[in-house]
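Chain by chain, the residues run as shown.
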Amino acid sequence: MTFNAPDRAPAQTLAQKLIARASGRAQVAVGEIVTCGVDMAMFHDSSGPRRLQPMLEELGAQIWDRSRVVLVMDHYVPERDDDSRRIVRIARDWAREQQLPHVYDSQGICHVVVPQHGHIRPGMLCVGGDSHSPTGGAFGAYMFGIGSTEMLGVMVTGEIWLRVPETIRMWWDGALSAGVTAKDMMLHMIGRFGMNGGRYQAVEFAGPAVAALSMQERMTLSNMSAELGAQAGLIAPDATTAAFLAQAGAPPVDMAPWFTDEGAALTHHRFDAATLEPYVAAPHSPANAHGVSRYLGTHVDVAYIGACTGAKLDDLRAAAQVLRGHKVAAGIRLIVAPASLHDQERAREEGVLQVLMDAGAELFPTACGACSGYGDPMGDGITVISTTARNFKGRMGSPTAQVYLGSPYTVAAAALRGCVTDPREVLA
Amino acid sequence: MTAESLHRLHRVWRLGADIDTDALAPGHAMKHGIDVIAKHCLEAVRPDFARGVRPGDVIVAGPNFGIGSSREQAAAVLVQLGVAAVIAPSYSGLYFRNAFNVGLLLLTCAEAESLNDGERIALDTTVPAVVSPGGARLACESVPGFLMDMVRAGGLMNQLRQRGGSPDPQKASNV
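First to last, the protein sequences are chains Z and S. For the first sequence, this note's numbering begins at 2 and goes up steadily by one. For the second sequence, this note's numbering begins at 562 and goes up steadily by one.
To be clear, the hints were calculated from the coordinates, so they are not data collected in a lab. Virtual Cβ for every residue (Gly too), placed ideally from N, Cα, C. Worth double-checking, as some hints may not be accurate.
Quick look at which bits of chain Z chain S covers, simulated, 3 or more residues with Cβ under 8 Å [unchecked claim]:
#, stretch
1, 47-57
2, 80-88
3, 99-106
4, 131-139
5, 192-205
6, 383-391
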């Protein structure tokens, strides 16, 4: 007796599978434009209510599903002036009027707070009113950033269009050495491919060095997919993902379907984590990235450990490893703005926060702060080394400020010596 | 805009590569309304732009225009200042979506960088192409129909106002 072999679906990438599910299709082809149902929409005080409320009111439209909306106040908190107070008040009043069930006010930065509460899960299609929304890809969700007007469309219909992307796979062999992090991997990739190297396609991070990363480190890779110009930055979920989500109180999810099939069409780039050195991006582009050795000795005035991509618990631990038992150099400001209250409290319990304070760090609120130049802008003519994601001219306040980017190890080492330093020298 | 465009000459503001959203809509101004943000548009890279630009002018830039933030004010400021179009070899994908949603025409033109600051050009938005006064044409990538409709309407909100109701998301069949 013979059976017909079952029709075998063509090999699909993780991105294709996620988009197929969201668009109610068995499979989708690269280049097709499809309409997808949105599982979760996130926005913050800057991109959200102050822009959405007037548009919704004018149209007399309603939010399609409040339970799928998450609002985070992180850009203009704590409020420093009348304009910030007005913007945050609009967000708070609107959240109350709309009876939004998921609101995180001054709890930390959206890209860290939202996954920490289990809102982003494998298999989902999510949008965020912020360019670093690809962070959600670390959880095996197709998540991307949109502007306020597109968010209005999502709020009313629960749907969004997208063009099915190609997949560019970044395969990392080997293991990172001590003092080298996901931030260094990312700066290396951006330096190699440029700020639009991702061509608004899906980037997928894989290989043994990626599998070995903690969830927070994976989030750094996915977050800075935005700096690669990708639409999404995906990592196939695994046991590390499941453990994080269980701790976050998320409902159990079947993770089995969410991987790229063997033989799926994609562009493949290979890297060796073992030979990677700490990386630094010089002003004024994250793509201006080179091994730390090129910038050794560059004087810095401020070392900033902050932002969604540089001040999570793992980042604070890394900085503490460098600073334990030392003081920052005379005349150097070390600013630490933890990415979430949750991470700040854990850092406090572990003694990590104390190590940073003893070294002379100033503790800033758990908000976007200086990263976007919305709060605590940097002054004229100063040189900053920062764990943030971008060093565009003027981003942190003054067009004459020089902003270097590095990992928390590298930024802490610079604070210690007063100049760009290879953190491995300090850790040795 | 199609018919009149060919007869209208637009003055070129020539910018470089990698013009980012923070340059277009600086963070320090983001708490204000679009009229105030517009006064700071490009101040870090082209300080004479916001004061000098006139309605109908166009921006011609190098690759990767609009990299960076999702803030759509970075596109809306150019509408506010009356910029008729941006012409560049490539854009940030996020900026591309935002621009059409707020009614700003982006033309993807491989040879954009052959145009000079202060030059006058015409736009043929039907093909689309950039046309020099001498008649030379620079080809541009075609723009999906539903996005062209959005620009003609002056952005998604205007489209929705005209429909007088809730949005009908763009369907694949329109492309």
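Evaluation of the provided hints:
1. 47-57: Result for this restraint: holds, n = 3.
2. 80-88: holds (count 4)
3. 99-106: violated (count 0)
4. 131-139: holds (count 3)
5. 192-205: Holds, because 5 residues of the stretch 192-205 of chain Z bring their Cβ atoms closer than 8 Å to Cβ atoms of chain S.
6. 383-391: violated (count 1)
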